[in-house]
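**Student:** What follows is each chain in one-letter form.
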Amino acid sequence: MEMEERKYGVYICLGCGIAEAVKFEGLEKAARKNGKIPHIKSHPILCSPEGLEFLKGDMAAEGINCAVICACSPRVKYEEFDIPGALIERINIRELVAWTHEPMAEETQLLAEDYVVMGCAKIKKSDLPAGVPVEIERAILVIGGGVTGLTAALEAANLGQQVVLVEKEAELGGLGAGLFQQTPRSYPYQELEVPVVFSKIKEVLTNPKIKVLTKSEVVMIDGQPGLYDVTIKTDGKEDIYKIGAVILAAGAKPYDATKLGHLGYGKSDDVVTNWELEKIAADGRILRPSNGKPAEKVVFIQCAGSVDPDHLPYCSAFCCGTSLKQAKYVRTMNPDALAYIIYKNMRTLGQNELFYKHAQNDPGILLTKGDVTGVEVADDGSLAVIAENTLLGEKIKLEADLVVLATGLVPATLDHPVLNLNYRQGPGLPDLELFQGFADSNFICFQYETRRTGIYAAGAVRQPMDMATAMEDAAGAALKAYQCLEHTAKGIAVHPRAWDQTFPDPFMQRCTACKRCTEECPFGAIEEDEKGTPFYKINRCRRCGTCMGACPERIVSFKDFSVDIVGSMVKAMDVPEEGTRIVAFVCENDAYPAIDAAALNRLQLHPAVRFIPVRCLGSFNLVWIADALSRGIDGILIMGCKYGDDYQCHFAKGSELANYRMGKLQETLDRLALESERAQFIEVAINDFDKLPKLIEDFVVRVEEIGPNPYKEF
Amino acid sequence: MADETVIKSDLAFVKRLQECGGESLKKCYQCATCSVVCNISPDDKPYPRKEMLMAQWGLKDQIVKDPDIWACHYCGDCTTYCPRGANPGEVLGAMRQATIEHYSFPTQLARMVSQPKFLPVLLALPVLVILFVMKLTGTLGNIPAGTIKYSNMVPLLAIDAIFMAAAGFAVFVFVNGVRRYWKDLNADVSPWKAKLSDKSVISATIEVLKEFIVHKRFKECVTNYARATSHLLLVLGFIALAIVTAWSAYYEWASKFGLIPHKESPFSITEPIKWVALLGTILLLYGIYLIYQQRQAKANGAGFGGYFDWLLIWVIVAVGVTGALSWILRLANLASLAYPMYFLHLVSVFFLFFYAPYTKMAHLVYRTTALVFAKMQGRE
Amino acid sequence: MNASNKKILVIGGGMSGLTAALEAAETGAQVVVVEKSPYLGGRVAQLNKYFPKLCPPTCGLEINFKRIKNNPDITFYTMTDVTQITGQAGDFNVTLNVRPRYVNDKCVACNKCAEVCPVERVNDFNYGLDNNKAAYLPFDMAFPYQYVIDMSVCLGEACKKCVKACEYNAIELDMAPQTVNLNVGAIVVAGGWNLYDATKIDNLGFGQVANVITNMQMERLAAPNGPTGGKIQRPSDGAEPKSVAFVQCAGSRDENHLPYCSYICCMASLKQATYLLDQDPEAQATIFYIDIRTPGRYEQFYWKVRDRENVELVRGKVAKITQAPGDKVEVVAEDTATGNKVRRVFDLVVLAAGMEPSTKSDKIPLAVKYTDEGFIDPTGLPAGIFAVGSMKSPLDVAKSVQDGTGAAIKALQSLVGR
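Chains as they are written, first to last, in the numbering used here: chain A, 403 to 1116; chain B, 17 to 396; chain C, 23 to 440.
Excised from the complex, chain A in its bound form (with noise of 0.2 Å):
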């Protein structure tokens, strides 16, 4: 909202050590000369009960809606000090300043002054932001009619939500349907269920709120969150559905088990996969396929195809418990049959070691680990399993009448984008290969973050699952796409930074089509028109400022975070001619809350750097360096989280995005004759504050041994 008369206030809290440190004069001073505000007050305790009721008393007795406040981080006393109506600057001379550095030093209070005059800077920059409510599509589209697909229609339509699910084949229940009996989910974890398929089928089926479109697939996803036009394919024929948010439950497909001759499948029709064997079983007994006689001895062997570097590289997560189950199987229909089960490591996990322990109970359910190296198939069709490092001895043989291999899952996005979306940056998820093809998130705290707005995976094509978690998981899911569309309709942004009510407002004018932009933006928000020119898919944007980091024309502006707001904040800094100055900007997420904790620890940092909180390092743009180097500043730190596949940025790239601009950076310094190692980027976690001053401190004397910056004198 644009504020018609701003007045500006600024208010020092002198408590919490802060009028130990440094004298309130000084402060007075510089806000007043530099910072230009001419209303300065202070308050020996500003976020007690006096202290508010003078702080707001005075900012209503003088009109005043713009208010620097000056006292702790923005990360406490974030409820006394939120004042609606009125634009707040928050000011952190006690963690950055009074906690962390010699009390009344000449340095300490020039640091200060610093902060406030940069704070009066930013103020007069920014304003209040207000999100822009849509119209918005709040349709569902659900991909895939397996028991994670059928879940999420449910759950999703017993909010209230209109849903599409969309399979590819002509039945519902995927992979699920094919099964015989499940895997107990609950306590004791004893008996075999039927199916719970074939339950949600027919809820789904006579749910009014739920479309089914079986035979189908989607052939094109166009546009953003609230306001996608969804082309699916049925049957030939090409529809287009409104749809606001979507998710993703294509599931998983068995692993090709012809790749497994070495286990003997192809080789003998008695070797089978745990897939086949639930068909087998159907029939309500275990024949050998080759001739029809009863399988009197059943070698299972597990992680066939899974954990293993030539084929899948990692567990299937379901097989140890189906494979027991299916050892049930043997058992129940033929009480003298054997069950034999051949595992490398058995993971039953959690209370589902209850099944492991009952169905082993079972004398005729014998298990050892083992490596497999082998299956022979004799002359005469007899088929012997020949296994290394088992219990029972370095190599042995089991003779068997059928095999069954406990073969895992391919996610259906390894090799098909399967989402079809028309964006930009490409058909489908991006990411896939660092998750071997699932589509799942990289954040361990956050598990339903794609790099696709409101598009939320679920189930087995996310990560390998069985089917009690994927039921828990397409509730997950449902519940992100709901909220996605609740958020979309306000206008304000979703995870990681859900309240927030900013966007990106680009001066098109000066855009110059160079479209990095659209090949940053981590979320593929930024699509350009058929002259190349980029315009934004707002509902997509996440508002890490990516974009703002991005653009050599500095035209993308946030309402309180711009290129030329933080410019005008190094700006803002005093550079003496003597002693060294050195800017931080840092992720506000990650870097500005170690250094809140070193402050808590009383940990010395050095007074030449003034920290810049940012919203991303993604958002970080190289003009502020040169802002900085023009200024007189002697060095610029770049402090963020840990980047490549482990990356912690919850915006996906953008650490590693300012370290690429940083390389890029560096040979501009260098032809301007100014040392590279001016600017440095240092990856700093949440926890890392008790390497800070080291870290800061060594910087320091890096610069100071180059020199100072030559362009201080100008």
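Hints listed in this document are in silico derivations from the structure and should not be mistaken for laboratory results. What you are looking at is a predicted structure, and each value in this text was computed from that prediction instead of being measured. Do not rely on the hints blindly, as some may be mistaken.
[As the list claims (entries may be wrong)] Okay, the calculated beta carbon distance ranges per label pair:
{"hint": "1", "chain 1": "A", "residue 1": "A421", "chain 2": "C", "residue 2": "K182", "range": "48 to 54 Å"}
{"hint": "2", "chain 1": "B", "residue 1": "K24", "chain 2": "A", "residue 2": "E790", "range": "14 to 20 Å"}
{"hint": "3", "chain 1": "C", "residue 1": "D394", "chain 2": "B", "residue 2": "I229", "range": "45 to 51 Å"}
{"hint": "4", "chain 1": "C", "residue 1": "D113", "chain 2": "A", "residue 2": "N824", "range": "55 to 61 Å"}
{"hint": "5", "chain 1": "A", "residue 1": "P691", "chain 2": "C", "residue 2": "W325", "range": "33 to 39 Å"}
Glycine included, every Cβ here is placed at the ideal spot set by N, Cα and C.
Position chains B and C against the provided structure of chain A, taking the given hints into account.
**Tutor:** Using the frame of chain A, we list chains B and C on its own:
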């Protein structure tokens, strides 16, 4: 790489072990806690983890030849700590029973001994035998009144005949079984056959017996340390009574041949032989009382034992109690009670002797054999 | 629907509870979180790093706390127990008992109270590895960022040093418990888990042998905000261990203790092996296990750690741990791969102790079905009540988050349905 071992599972044998008190054997998931908590299990190829796997897989051939099942003294440490409730101690007991069954001839008889439903049939044999002998000697229903003298009921000579025959049978079965067992032990290259020692059979046997006398191994158990003492009492009582039996036989036969002055039971309380008999009976009964108490107290954790186990104990109790009561009733001069009691005493002694190769009594023999073998292999 | 029964109560402010609360609140629902400890974040706050990414848990917590700070629809109570629940789905009356913190909202976390406090308490946050003052901040990233006084050791009126030292009038030693009544439409139970008491495993030496610690203690030792500033040191003498044994299934998969698998311990020990080797690349990590349970893509992490030099895996459960000379610890297991016993001496032994649901000891005030091990059996829950995370079965953080998110939609459904 060694040649592959062809695994043949015997489901019937698994079930047999389960019937013999090893019903929990399937619960084992091979963590090897048992092998570690067992203080008498060696570091090299320890037991009973590997035995549990053999049991689960029904590897009968390997189990009956495994000397390690006899190294176990059933102290219950493994059962107490077993995380899965697989009760390895009980399973090993079942394996020992199965081994006794396997090596004792005829196997059917062994099977009968291990099942409570056959107990009346088994008891019928000594009852009939003794009644038959009484008939032959004409004492059936025809015991002279007056001072109670048990030889009036069954003459000493007849007693000797009956019990020599019973013992002879037992020895024959034992010899036969041990011979086969010894052959099997030595036939295979067992995984635990290390041959680190060159001890002779004799010296190995002497060492084993010496260890038995003091229950050296038993005392290393933790959970049931006290059990070593009670078992030792039982064994000492047993030895004492064996001595008494030999002693009285010596009196009988030596006097018969005029080597010593005539001496015949009943012996007076002043006779040393009586002291030993009394002491033996007390030790025996007290030992059993302790065993019962201890097992009862720790039944949930360390295992209580099955029918096979308890049968021997109750037979020994029967021998001890009927023997003691026979003596007391004789002193009390209650003929109408004393003679039937003595009859019961004879029945229980016969039972003990005759069925020895099939009851847990056989553990004396097979355990000794197995441990001698182990000693010779240098497996401590 | 009136305003009050649109509320959702979340019992437990750990990862599952926070997730359920935030995900629900971000759809516009009113959510109240009740947490029994003085801070939010639960067990994950005590972890040094998450597997498999080896990233710090406080990073995700920071985002979650930020979400709370910016969301007016979510409120929370710390140091609070739910004492009574009546009613039915859509209309539950809940009574909360807010225990006194003895420090009010005026606290600025300046640490003056702790500085003057003359008494110490065992630091439960660090699993007893050190002591802190009776007036303390639970940990450096604690949210709320507010001190608390442990009245069980505080000298009270007789001392009052903190009251005098506090310039902000934040300390109220006479603070009384408060009763709060709420009407809510749905309840999410996310009580979390406690570490199994390893002293009960009498053959593994915990509490008897000095240098035997639990996995959670290892997390605290390795954490920069832990008792040793992130240095892994053995308790007896502070020496940095050269060899560490990780003992898997210490209590888990064990009928005498916890019959189920605790899900996280294999991954946790593999992770902790990296802590050790990051501190000292020459050190030796030996993991004794029954089955390595690294489901799904966690397998990759297992391979990565397994293939590191100085990491050894022994397939056999440790069943005996005793004191060895020189403050060392002897560990005995049977290596089932060779069939021989291994007796090895280590500088430090870490027991992979398992998870016990908080409902094992702390039942919720409601008639629900529990398993023998104290988990909530979700099939026996009344309508409108949902159990999440480790209430139902042991799980890891990722699964807690999935489950918490899923619980949010169920809670919302039960509000909409009315």
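**Student:** All hints, please: hold or fail.
**Tutor:** Comparing the hints with the structure gives:
no.	hint	verdict
1	A/A421 with C/K182: 48 to 54 Å	violated (25 Å)
2	B/K24 with A/E790: 14 to 20 Å	holds (19 Å)
3	C/D394 with B/I229: 45 to 51 Å	holds (47 Å)
4	C/D113 with A/N824: 55 to 61 Å	violated (47 Å)
5	A/P691 with C/W325: 33 to 39 Å	holds (35 Å)
Hint check: violations occur at hints 1, 4; the rest are consistent with the structure.
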